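Asks: The primary structure of each chain is shown beneath.
There are 2 protein chains.
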Amino acid sequence: MMNEKMYALGSKRSTIREIFEYAKMRAVEIGKENVFDFSIGNPSVPAPACVHATIKKLLSEIPSVELHGYTSAQGGKDVRDTIAANFTRRFGVALSGDDLYMTCGAAASLTITFKALANAGDEFIVFAPFFPEYRVFIENAGAKLVAVASDERTLLPDFEALERAITPKTKGVLINSPNNPSGVVYGEQTLQTLAEILKAKSEEYGETIYLISDEPYRELVYDAKTIVPCPMKFYADTIVCYSYSKSLSLPGERVGYIAVSPKAREAKKLYAAVCGAGRSLGFVCAPALFQRVAASCDGQTADLSVYRKNRDLLYNALTAYGFTCIHPDGAFYLFMKSAEADAATFCERAKKYELLLVNGEDFGAKGFVRIAYCVETERIERALPLFKKLAEEYSLIK
Amino acid sequence: MMNEKMYALGSKRSTIREIFEYAKMRAVEIGKENVFDFSIGNPSVPAPACVHATIKKLLSEIPSVELHGYTSAQGGKDVRDTIAANFTRRFGVALSGDDLYMTCGAAASLTITFKALANAGDEFIVFAPFFPEYRVFIENAGAKLVAVASDERTLLPDFEALERAITPKTKGVLINSPNNPSGVVYGEQTLQTLAEILKAKSEEYGETIYLISDEPYRELVYDAKTIVPCPMKFYADTIVCYSYSKSLSLPGERVGYIAVSPKAREAKKLYAAVCGAGRSLGFVCAPALFQRVAASCDGQTADLSVYRKNRDLLYNALTAYGFTCIHPDGAFYLFMKSAEADAATFCERAKKYELLLVNGEDFGAKGFVRIAYCVETERIERALPLFKKLAEEYSLIK
Chain A
1 MMNEKMYALG SKRSTIREIF EYAKMRAVEI GKENVFDFSI GNPSVPAPAC
51 VHATIKKLLS EIPSVELHGY TSAQGGKDVR DTIAANFTRR FGVALSGDDL
101 YMTCGAAASL TITFKALANA GDEFIVFAPF FPEYRVFIEN AGAKLVAVAS
151 DERTLLPDFE ALERAITPKT KGVLINSPNN PSGVVYGEQT LQTLAEILKA
201 KSEEYGETIY LISDEPYREL VYDAKTIVPC PMKFYADTIV CYSYSKSLSL
251 PGERVGYIAV SPKAREAKKL YAAVCGAGRS LGFVCAPALF QRVAASCDGQ
301 TADLSVYRKN RDLLYNALTA YGFTCIHPDG AFYLFMKSAE ADAATFCERA
351 KKYELLLVNG EDFGAKGFVR IAYCVETERI ERALPLFKKL AEEYSLIK
Chain B
1 MMNEKMYALG SKRSTIREIF EYAKMRAVEI GKENVFDFSI GNPSVPAPAC
51 VHATIKKLLS EIPSVELHGY TSAQGGKDVR DTIAANFTRR FGVALSGDDL
101 YMTCGAAASL TITFKALANA GDEFIVFAPF FPEYRVFIEN AGAKLVAVAS
151 DERTLLPDFE ALERAITPKT KGVLINSPNN PSGVVYGEQT LQTLAEILKA
201 KSEEYGETIY LISDEPYREL VYDAKTIVPC PMKFYADTIV CYSYSKSLSL
251 PGERVGYIAV SPKAREAKKL YAAVCGAGRS LGFVCAPALF QRVAASCDGQ
301 TADLSVYRKN RDLLYNALTA YGFTCIHPDG AFYLFMKSAE ADAATFCERA
351 KKYELLLVNG EDFGAKGFVR IAYCVETERI ERALPLFKKL AEEYSLIK
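Just so you know, the sequences run in chain order A and B. Counted from 1, the first sequence has number 147 at position 147 by this note's numbering; the numbering is strictly sequential. Counted from 1, the second sequence has number 367 at position 367 by this note's numbering; the numbering is strictly sequential.
Chain A with its partners taken away, still in its complex shape (with noise of 0.2 Å):
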C-alpha cells in the first residue's frame, strides 16, 4: 500500500528522538527537574544578542513583501555574497556567492549534497563513530553507507582501512569535526593525510572521490589552542555542509548552506547538480527571515562558556568515578565507554536514575554512550550524584 521503508523510519523514530520523546513524556510524569535528557543536541544557551536584534531591525526596515517573499532557490544573493566574503576571511579560501547555496539545516544540507551526488549503488564512507541519521540520508538518495573504523583510542580516522574501504563504487568520503558523538576535532595533518589517500584513489580509479565535509560544530571548541581547519584548503574536490543550529542556538529554525569549492573539478555543473537536488527534494528556499539573520550574525556564537563548564565539569567528574571517556576538543558531545560490555543494558541501568543516554552502537561503536552536555550547568551539578551512584553500581570507584 504505502511505502514499508518509510513507514519503518517513521515508526520507528532514531534512537536519540526517541529519547527525546521519552524524556518529556517523563517529565510530565516526574517533574521536568528530575529527567536529566542528555539525549539531544538541541543547544542550552541563547541565540547571541544579534539574533533578536537583527530580526526587530528587518521587520521593522524591510516591507513585508520583500521580507518574507521567496528569494532565489539558492538563497539571496546579497546573503551569500556576505556569507561567502566571511568564509573567505576566516578560513583562508577563496568563495564568492555564487558558490554557496542556502539550506534548511545541516540535515538538508546533507540530503541535498548525496542526491546530487549520487548515483544508484554508489557508496558514501563514514567513518565511526558517526550520527546515525547518515545513514538515513545516504540512503535516500539511492547509496550506500560504508563505515570505516577510527582509531580506538583517538577516534581519529583509521587510515589504512579507509584505503581498503575504497572501492571505485566510492562517490565520497564524509567527515564531521569536531564530531558527533567523540567531540574529537580534526587537526591539518589529519585532513592532509586524508587529501593524499583521496587524491591517490581518484587518479587510480579515474573518477572523483569527494570530501563531503559536514561542520554544523564548527565553532564549537574550547580550548585557545584548537583550531579546526578548513578541508578545502588540503583537498579540491570539498563540499562544506554547514548549519548555523549549534553557532547561534536555532536549530529549530533550520538554516544552514552548502559551499561547493570553486576548485573542485567542474564546479559550476556540481553546483547546478546541487541546484537541482535541493529542487527535488522540495526545498524551495531556506527561510527567507533566518537566511539574513544568519548573514548578519555569521562569524558570531552564542555564550560557549556554558559549553566548556559543562564539559569540564562532568568529563572530570566521570573520569574521577572511575568511568573512561575520550576528551572532547569541540562539540557538546562527551563519549563515554560503557561500563559493561553491553551498552544498552548500561543505558537502562542508568535510566534507573533517569539519566538518559543515548547507546554508542547507534553511532556505529560497541561499548559507548553519547553523553550531550548542552543542557544547564545546574543539572550536571544534580546529575553527577547519580552518575556516581550508577558507578558504585559497577564498583568502578576506586
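Everything labelled a hint here was simulated from the structure, so no lab data went into it. These numbers were taken from a predicted model, which means no experiment stands behind them. Treat each hint with caution, since some may be false.
Identical copies go unnamed one by one, so any copy, or any two together, can satisfy a pair.
Said to hold, decoys possible - Straight-line distance between alpha carbons at most 30 Å, and here's what the computed DSSO-like set of lysine-lysine pairs gives:
#  : residue 1 : residue 2
1  : K12       : K268
2  : K24       : K366
3  : K351      : K77
4  : K263      : K225
5  : K144      : K337
6  : K389      : K144
7  : K144      : K24
8  : K309      : K398
9  : K351      : K366
10 : K169      : K144
11 : K398      : K351
12 : K12       : K77
13 : K233      : K32
14 : K233      : K24
Place chain B on chain A using the hints.
Replies: Chain B alone, transformed into the frame defined by chain A:
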C-alpha cells in the same frame, strides 16, 4: 560523475524561475518600474498584522532556547492541536493534532507525501493544466506523473479520461483547487463524482487510491458564493497538503502542513510513513518560530481585496482587447489563450513589451499562457496599454 539528472534539474531551472531570474536581471538593466513580471506566485500583499505582532510577542515572551529549539519532528504539539481544532471548526471534518504534520511549505508537503506513498513504478494522476514542479516532486519519489486532460471549456476534470487513466499502478490522484494556473475552483459535485470514481476503482483493484489535495490557495477566493469544499468530507483516503505561503503572504518562510484524514485506511500507519518520509528527505522540523506564527494566525489572510481588484481589472481589460481567458474564481493566476498556435512565440512577442508571461505548455496545456496577477495594481494598470498593443499586433481588437 555527479548525478546527471540533478545537474539537468539545476541547470535548466523551471520556466517560472527562469523568467523570475530574467526579470530581476532586466530590472537592473532598464529599471524595475519598466519590467512587468507576471511569472511568479510571490504574494504582493503584506502579511496580515498578526504575523509581525505574533513574532514580537514570541520574542519577548518565550525564552530563546525554547523558541528557537528543535520541535518534535511532526511540529510542536500546541501548534498542531491549535491548527487541527481550527480545521475541524472551519471545514466540518474532525481532525486532531496527531493527524497533522508541520512542513517547510507546500513543496515539502508534496515531496513528503509522494515519498510516503510511492513504491517504484507507481503512478500519480494529475489533471492538466498543473503546476509543473509536480512532475519533479513525483519523480523524486521514484514514481511517474500521468497527466489527464480537463474539460476544455471549464478546465474541470474530464472524468471519462480519468477512468481510462486509472490502472493498478495508480497510487493516487492529485488535485489542486483553487487551481494554479487556471484559478478554477472544484465544487462539491466535482469532488463527489471524483470520490465515487476513486472508491469504485479502489474496490475494483483491491488497492487504495489516495486523493492528494494541494491547497495553498484555499483561502484565495474572490466571490462570496465561492466555497472551497474540503475533499476529506467526500473521500476517506485523503491527504491535504497545505502551505501558509499565499494565505499569510509568507512564501519565503516555508511553513505549511500535511493533514492525514483520520478516516483513511490504516491512518496511523500512513501518518507514520509521512513522518518517515520527512525524516528521509532531511526535514528535521518545520521552522520553529513560524510554526507558532502559523498557529497564531491560522485562518486569517492577507488583504485579498487587492487580488480581486487585479483580477477584475485584468480579466475585463484583456477580454475587452479580444483575448480569451478562463475566469478565475480563486488563486491569483489568469489562464489566457495564446493569440497564436505556438504559445512560446506569443510569449516572446509579449517579452518585447517587457510583459513576462509563462507558457502554458509547461503546465501541460498547449496554446495558453499564465499571468500571475499578484503584483501591485498600479503595475497592472501600466501594463494594460502594452497588452493592448500586443492585441493590436494580432488584430484581436474589434
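Asks: Enumerate the violated hints, using their earlier numbering and listing them in ascending order.
Replies: 6, 7, 13 and 14
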